[in-house]
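Place chain B on chain A using the hints.
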Amino acid sequence: MQWREKGFSLVEVLASVLVLASASVAITAGWRLADYKELAMRLDDRAGRLLRECYEMQTFAPAESKPFKAAGTPNNQSLVQGFLYHPRAQPSDPAQDRGTYLDVVPYTISISPDGKSMELRYELPGFGRIRQQSMRRSAGFNPQPLDP
Amino acid sequence: MDHPRPTTAAPAAERAFTLVELLAALGAMVVVLGAATGFLLTALLRENAVLEAERLEAMHDDLAQIMVRTVKTAAAFQIYTDKSQYHPGRSENGVRTGNFLVCVRTDADGTQTESDFELSGQGIIYTKTVAAGTATTKTYANARIPAGSVNLFNTDLGMVQAAWEVQTRQDLVPFRVCAMPLVMR
Numbered sequence: 019m020q021w022r023e024k025g026f027s028l029v030e031v032l033a034s035v036l037v038l039a040s041a042s043v044a045i046t047a048g049w050r051l052a053d054y055k056e057l058a059m060r061l062d063d064r065a066g067r068l069l070r071e072c073y074e075m076q077t078f079a080p081a082e083s084k085p086f087k088a089a090g091t092p093n094n095q096s097l098v099q100g101f102l103y104h105p106r107a108q109p110s111d112p113a114q115d116r117g118t119y120l121d122v123v124p125y126t127i128s129i130s131p132d133g134k135s136m137e138l139r140y141e142l143p144g145f146g147r148i149r150q151q152s153m154r155r156s157a158g159f160n161p162q163p164l165d166p
Numbered sequence: 780m781d782h783p784r785p786t787t788a789a790p791a792a793e794r795a796f797t798l799v800e801l802l803a804a805l806g807a808m809v810v811v812l813g814a815a816t817g818f819l820l821t822a823l824l825r826e827n828a829v830l831e832a833e834r835l836e837a838m839h840d841d842l843a844q845i846m847v848r849t850v851k852t853a854a855a856f857q858i859y860t861d862k863s864q865y866h867p868g869r870s871e872n873g874v875r876t877g878n879f880l881v882c883v884r885t886d887a888d889g890t891q892t893e894s895d896f897e898l899s900g901q902g903i904i905y906t907k908t909v910a911a912g913t914a915t916t917k918t919y920a921n922a923r924i925p926a927g928s929v930n931l932f933n934t935d936l937g938m939v940q941a942a943w944e945v946q947t948r949q950d951l952v953p954f955r956v957c958a959m960p961l962v963m964r
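The listed protein sequences correspond, in order, to chains A and B. Everything in the first sequence is counted per the numbering used here, starting at 19 for the first residue and increasing by one. Everything in the second sequence is counted per the numbering used here, starting at 780 for the first residue and increasing by one.
Chain A extracted, bound-state conformation (with noise of 0.2 Å):
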């Protein structure tokens, strides 16, 4: 037989195929990473605005609406805890899907004791070989309220 008349053998297309197959997994698995990331950036962002949301609160809003009391202890937990993540719930029947959301990624808003600067701790979810980890972001007061 000549070697232009020689095609691919059965074997080697079942073997591409499942190559194809292979990588097409092995992507999909490195969106879901890059789903990941950028599901984490805009945790990180969430706490930015509501932290700044809570500063602006604190300077300005009358004493009885304040997030924290003078002594630091929280005055309207609505303001001070909640949830960062609000996925919508995926009912295993599509049709019972009556587009409600869960609350999941808890926050908590802390003072500290001298009042100067705000904490928000969240514990951002583990992915594959990536372990929970417990996120902070702070600001801190200025002598003259400005943004943080």
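Keep in mind that the hints were calculated from the coordinates and are not lab data. A portion of the hints provided could be inaccurate.
Stated by the list, open to error - Listed next, the in silico DSS-like pairs over lysine-lysine satisfying Cα-Cα at most 30 Å (straight line):
| id | chain 1 | residue 1 | chain 2 | residue 2 |
| --- | --- | --- | --- | --- |
| 1 | A | K134 | B | K851 |
| 2 | A | K87 | A | K134 |
| 3 | B | K907 | B | K851 |
| 4 | A | K84 | B | K851 |
| 5 | A | K87 | B | K851 |
| 6 | B | K862 | B | K917 |
| 7 | B | K907 | B | K862 |
| 8 | B | K917 | B | K907 |
| 9 | B | K917 | B | K851 |
The following block gives chain B in isolation, referenced to the frame of chain A:
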């Protein structure tokens, strides 16, 4: 006389697969390719939803920052139930809570900038007009009032507050803005 019996076995180089072998191989290929394609399509759809959610959140984060900056630097502001209640140039008869916020800022050189935020349908419309000239308008889609709230804006605590939620295909992103105008500090 004995004649040699003809053999049906072909030389190794000319052997082919049987129909059963071919069908089995074809079946295996269909299963593997089908699974891989399904997996890839699901991942693509998910990736698309993630990118859309990221874009929407970034857009509304941008809006929240514009809102805070605008309120803080406003020389005058007013909230109206809706846009129809507002008569340009006359900031009066405002209410404590509503879906239309107008802020006016005067720069050192005397240039007056008017910024409006309006909840309209499923979006928030931001309009900026400099020196009564050209207006720049931008719409921030997929916004809704959170459950338990009636309007987008309020001044309940003596400061301007806004609360809305952004619905994406992935999650729900709450936004809360509170800012004290410079003139009220």
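Violations among the numbered hints, reported as their numbers in ascending order: Those not satisfied: there are none.
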